[in-house]
Amino acid sequence: MLLLTPLVFATLTSIASAARLTVSIPSSPPLLPNPASLAPSTHAILLGPPGTRYSAPLRRDNTFAFPDLEEASYLLTIQSRDYFFPPLRVDVTKAADGTQEQTIAAWQTFRGNEWSNKGPQYGSGKGTLNIQVSPSSQKDFYQHRGGFDIMSFVKSPMILMGLVSVVFIFGMPYIMDNMDPEMKEEMAEMQKKGPLSGSNGAASQIQNFDMAGWLAGKGSGAESGGTVKKR
Amino acid sequence: MLSTLLTAASLLLVPTLAVFADEAWNVDYHFALLGAPKEETSFFHQPNPSSRASLIYTLSEQHALGAVNPRDGSLVWRQLLSSDGIAYRNSFLRAGEGQDVVISGVGHEVAAWSAADGRLVWSLSTEGPLEDVEILELSDGKETAGAKDAIALSSGANPTVQRIDGASGAVKWQFIIDGSDAPYQLSASSTQIFAILIHKTILGYVKLRVVVLDRVTGHKVDEYSLSSENELSTTENIVSVGANSASPMIAWTDSLYTTLKVNVVGMKSMQSFDIASHDDSPIEHVKVHAPYHVNSLSHFLVHYQTATSHWADVFHINLKNGKVEKAYSLPKLAGRGAFSTSTSDANVYFTRVTRDEITTVSSASHGVLGRWPLNTFGVVAGIGEQVEPIHAASEVSVKGDTVSAIRTTILLSTGDWVMLRDGKGIWNRPEMLASTMVVTFALPADAAALVQQLEVEAHSNPVAAYAHRVQRHLADLQRLPSIIVSLPQQIVKGFLGTSADDLTASDTFGFRQVIVCATREGRLVALDAGSPDKIVWNVNVADLQPGQSWEPYLASRIAGVVEVSSRAGAGIQYNATNGQPLAERLPVVPEGPQVPSSQVVLYTVHDGTLEASYNRTPAWAFTPMHGERLIDMVPRPVNDPVASIGKVLGDRRVLYKYLDSNIALLVTAQDSMGTANIYVLSTVSGAIIYSNVHTGVDLTIPIASIMSENWFAYSFTNEASDEASKGHQLVVGELFESLVPDDRGMMGATTNFSGMQTATEPFVLTQTYQIPEVISKLAVTRTRQGITSRQLLAVLPDSNGIVGIPYGAVDPRRPVNRDPTKDEQAEGLVRYTAVLEFDPKWFLNHQREIVGVKNVFTSPALIESTSLVFAYGLDIFGTRLSPSFSFDILGKDFNKLQMLATVAALAVATFIVAPLVMRKQVDQRWRFL
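These protein sequence lines are chains Z and C, in that order.
Residue numbers for the first sequence follow my numbering, so the first one is 1 and each next one is one higher.
Residue numbers for the second sequence follow my numbering, so the first one is 1 and each next one is one higher.
Next comes chain C alone, as it looks inside the complex:
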């Protein structure tokens, strides 16, 4: 009750800065992403067995499980299965035929999710990490009606096979596999379950051991090894293990890809097939595509890929005698190919996607059932870059002997996930942005060109400047015809629309900045903040080998140019508008630990000691106390303009801010004691100018920190104690030269100041607020001149949002235990309350759910009132913020029609009244004189 009262009070007093209903969904933009979908875990499935409408389910590389509407590419639901960013080696997603659940397996967790709305049905944690999850398709009468059971294979100390009840998630039986062999995969038939294990021989080769279990009891029935001789050296050469009776085979190749060996599960014999080489270049990988549905024909396709071409062979399995025979081949085609398997009743169809066409064949014969030419995938790629399909999933509808309609989702080499219907692009999800590592804002090259020209004029002699200007205007005249043509349209638009809509024509406000994102795959992707729906350009800048990573650093020091550099490597520059490289390719340098650096001071972490150096000469080192580890360091931003050096009080006196561009906030943790230490350092001398300690801190939960202007903020989670309540706290501290108004303290008389010579310590006011949830990252709005008040941006991972806290709401000068005086009220200070509830109106994302945000980047627009905000991580979210309201631009609230109507009404009134007044004046003269 008390808390609600306090909330109500704080809401009444704090001036609300909110998302306006008419700006939400228009000003902000959001890509709800999943990350690059994995081939084995992406498929079409009907969430409701009674209807034919299907959704696309995927479990991505980032372990985001989601359902996508195939019609428009929108996300139906999504669950993040690894919130702390742990990358698990294996992840599984299975959907039983005619089931309304999908079953995921990530890490130690098997979970069933309602396919229609993404709610959890059951979950089960296994002792060891999961190696495989399958669904028992063929019923044996032991299941709960309507739900198919799942089986899970986990490794660890006790490799286990478990049969899980499909309705409740309870374990029906479990079998612990003896021996030290590594569990690999599972396969099931109508009566038996096969656990395939990897046995390492003394010579370093790999043998496959198969343990056969009874489906109903879980007892071991049989066990045998496949004599794979000495050809199988690593598990990477195992091409496929079929999951069920539709594809009951294990296939592997030798390391040079010359023969393909196939064993029908349950049989001890195997058959080998020579892999014909079609090409000079060696085969890079071999992939098996087999149907998942139990009722379908046991036909499978083997896809061979070389660097320049690909082809495929289709095999049939005779289930009666366990014979595998090659049925037909699909011809070699240039480039990469992607194959997908679809079923319709018992028939199996293979769809092949290449650079320039989609073809569908039946598994029974090689006759092409449907062919759709592809002109383009409709995605943006680098100049001269060939867009290749990586993998695909298809849904076909067959009428007679032809495929009447086909829907195919394809992951492309550019990172886009596209949907094609009958060869025509329907939608495109920019999933590569889900792995954004760093971003920067850049002015478009055309806007930058004008700025440069103006600078030229400013810096030359008057005559030359005049000549230059005339030339520029003559050049501008060439655009006159197009402007005249568009003029009527603009006028109409100007009258009917509101001023803030009109972003496409020109960018006087600086809203149309180019946002360049560097992704983990070594690509640069650019968005336009003014029209963020489409990707502007997308180029591959770092040729990363599989498993290689890079640490990009992006900057835009010259307007219109983006510079990307990998760690310590020399940067290369790109045109911000079209992504054309201005130099050659980027060298990727091996990575190492990195700490954010300002341009003046370079920080390195060495043995837990923070070392700072200017121009490569060591300056100072900060060694935390014994047992402390460095968590984070936030220097004051390099470009952090401050309009006023003081705070004007209600009575017109001034409190001077402690403004030092060389200060940084440092957070360290002592795990044994559970304490977090906060230091404010002078980065010139290394002196500690403020420190604080918090006890009982949960150090497994992120501690977010930020430093800007003359204040800092950090948040942490603490345990209940005598002086503190359990929960999450936000601390805001502000640094002043002195706490006496109109007095600059020690620095009063000096005009110059050096942190090296005089040791002035600021007076620090801090205030702690109890907040309702964890903050994982803090950021602050930035405007061009720093006149606009600031807003603290906090990423809330638990409510999937970003909240913009007005600085006034957390001002440490809020009076404690008393009501504000008249002067304080004039400043906008309200009485301190310990609880700071996040008003829903502060949520920048309003009803959108922004998942997995790692960082928030802010950039000033050209007009003072506005700051551009861009959040990235898994999702991409951007908006424009006006922390002091839009005082220099007519916003949506400005109603042009109303203004025009008022003017018209006044004009009419003037015309009507003027003769009356005239007559009255004349009358008056006659009357009184």
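Isolated chain Z (complex conformation):
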């Protein structure tokens, strides 16, 4: 099926010996080992000057055929459900030596660049041109959610903190028991001096905070420490 705009159709029939372009999709492992697996909706679009647009469906032999092309500069895109194909520029020009046959050539082109910025040539010919175009990449439609992963779970800061505290709770008494007595004494001294420990340390003050006394307007510090001692 070649969908021609009526305007183009009229001009086409008058030119009998117009240029013919055949685009084939070769087997290109590992991306596309078997081009016969392409969906039947795969088609190629040749976009010419305003009003000229051809669309050719994929043939049984994995080719697209454009039988009659006028002299113009075309943008060739191949649309497939599963693969990306590079865009090409196809030029059909009058032959330089003045013969009847037109020259037809194809290059890679780059979207968003000047039209004159041509990439590697895919081929050129007189009257007819057969080129091969391989897919550039496969389409990946799906976003995968980050599933449950035990490693990432363990690596999370919350869990790490929890693990460290577990190690302390279970590990510390064991370490303390296995320390030699001198070290132990040293440690005890350290703890007494430390701001957090000892009966006057901040930690014990908070722990033994006399709420009722404080609310009754009593001073804090030594007095509250005293009440603790009495108990």
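Hints may be right or wrong, so weigh each one.
[Unchecked claim] Residues from chain C that keep clear of chain Z, each with C-beta distances beyond 10 Å, as calculated:
(1) Asp165
(2) Tyr224
(3) Gln305
(4) Leu319
(5) Lys332
(6) Ser486
(7) Val648
(8) Asn677
(9) Ala720
(10) Val851
(11) Ile863
[What the hints assert, rightly or not] DSSO-like mimics (lysine-lysine), calculated; alpha carbons at most 27 Å apart, straight line:
(12) Lys193(Z) x Lys892(C)
(13) Lys184(Z) x Lys920(C)
(14) Lys854(C) x Lys139(Z)
(15) Lys261(C) x Lys326(C)
(16) Lys892(C) x Lys139(Z)
(17) Lys155(Z) x Lys896(C)
In short, the hints are calculated from the structure, not lab data.
Just so you know, even glycine gets a beta-carbon here, dropped at the ideal spot from N, CA and C.
We have chain Z; now place chain C onto it with these hints.
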């Protein structure tokens, strides 16, 4: 290389909004449709001659060619033979016996398609429009081995018969028919080809002229006219022209259907048969059903249909002497009937489908070989509507004297295409949805009832409201037993499943909206967006005569009620849940041009001038410059909530949006210059507040446009020039009150604003992106309060998809030629790249192929994060979108089991650790005190 780098860069920077693997195929739904199949072009055929498995091939009214698996009704392949929506008068589909191709003929194109996978084998364009395509079944040794040749008849200036090589598609010979007679049809025998032409006599009658050609050379052998006297007034009375030697006859009737005349092709004589009238009502049409396979017996069936009943006669042709004789009759039965012809070796079987049974008879005798009662066709229809078969195709397998199995596909009057195996429904394709013209979303009536009740309570005095509420709760109590019964099941489901699955029980999220589609055939069809597999209701609302069309307009202004109106006619309302009409039938008013209208302003196009009127008083007119024509106009949607009047920048300052509910985007084209003009109009005053011109635009390719919130977007295709690259472009423009942050410009001090008095012009930022393919239609997601960011939905006709472009990816404020600053990064802006590649993850349709989409309709769900999307045209596609991710609903990613396991683990840990901690604390006390 550069482009791939740019793509990679843009993909890395733009936050991806994608179709998740676990939501694809579940959240979205898709009907891959073909359109109503045509009787002559629907048949069973074996794609692989060596195997007996067959597929159903059809070429539909919409010129979609496809193969359907008879087992489950799924589409094997499909090709759209008329992409630009041109309706051709004739379309043909032929399959040669034992061939692995099917040959189509549409418009100017004869094409052969591989029957198994739908790939093109060859194609050939003819000079004039096609009038007939046939396959030369009987070999004459001139074909390429294994491929049967085709013949094509085309009209136009030079009516031509062509013989086409079946393997390559090359023309073997062509014969130009002289004279001014209109080509009608072709028929072939083993040695000759007959071209049947219509000759108009001076008196206005029609005569049949037959040109006989040699099969091998294409030379004219003979020519004769059939003296059809004065009985044939139009070609509509020609009942049938047989294609080949199995049915070598031409049959016609007079205009009153009193006699049937039959001519055996190749003979100059004809025979006439009186048509017995069985009924008071006149015959509406006469149809001939004849076998297509050459080896079968030349028997045919004539089907007579009146408004209330139908019957049939079976005729036999004696090929030796060209005599036609009536063999037997099938009795009259009430209602419409559909007949289909099947062959098995040389035997011919006729299958008759009526309202309540399927019967199969052999063409040789009237004895019934198989009879299957039908209770129902298994389709949804209007209340009191009788579902009738329109046409059918069958495949029978015969064992001895009985039909052991029969598969029948039937097109029903409801528009469904169903498959029955031995009288039992196997599948059902809702092909009527392929001709959807407009759609609307409506809340189900039960959900709407609750909303109404709550409103009653809100608007009455406290005592009455309380009494009402108690009453409502008492009424709700009646449902308690059923809820208790289903409770255990729900709990189990709640633990095992994920929360988003559970749509059937209640609809707190607003996903279960009723989608009502108005079809070209004058029917309203409703789907449930929550469980879209089945049709909820299907009613005929407009009694359209053949050839009559309507322009429906659908709206749901009151929750639970759908209102349909044809152009300018008063609407009638339907219950959204069951399709019960709330008023009488709809008057169909003749059509005229129509432009989308908001409720406030009515737009009309008059002599190329756009005229706007409020309450029927003309307000302003927009006349494009000389030579320009109006392409499209998109007003800002009436219901377009915007949550924030400004854009918060990275440094907490605000850019104020230009929010005017009365603006519209207008696209005009100047064909002589190849330019497209874009205007943003104030629809109150008619003033142009922004305009732009693009040169070198291909105006034969659609220009899609959209307007929403304070931004607009449009796409076009342009030719290479000095400043532009060849290809497709998407332009996005955003309107601001001023471009200085924290400054409202002219409108700073005013609290009220009128477009009539103050002429404030917005500051417009635009950005152009090069896109890989054509966009035929643009739409935008809509959410309840407009808090969620928006996604631009673009219909891509070339890759058969719909792509959801996050607004951030096309934001015109993306910094150009520099990297974004810290503040811009905080806003999510990335550096501008000229190329915008469509990430496959943006494709809402993922691997599905959505063909022929004409429009996309979006509707907010009840929860803010989600927008419902419904695309229609040929295919039907729907999905739910969360452009800012599902922030107010637990989605599929929420793993209940994991959460429960974590809680359990923590509980266990607490129980184990608690005594330890206790002991340690006690120990500590003893140690330090």
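Item to check | Violating hint indices (sorted, rising) | outcome: Those not satisfied are hints 9, 10 and 12.
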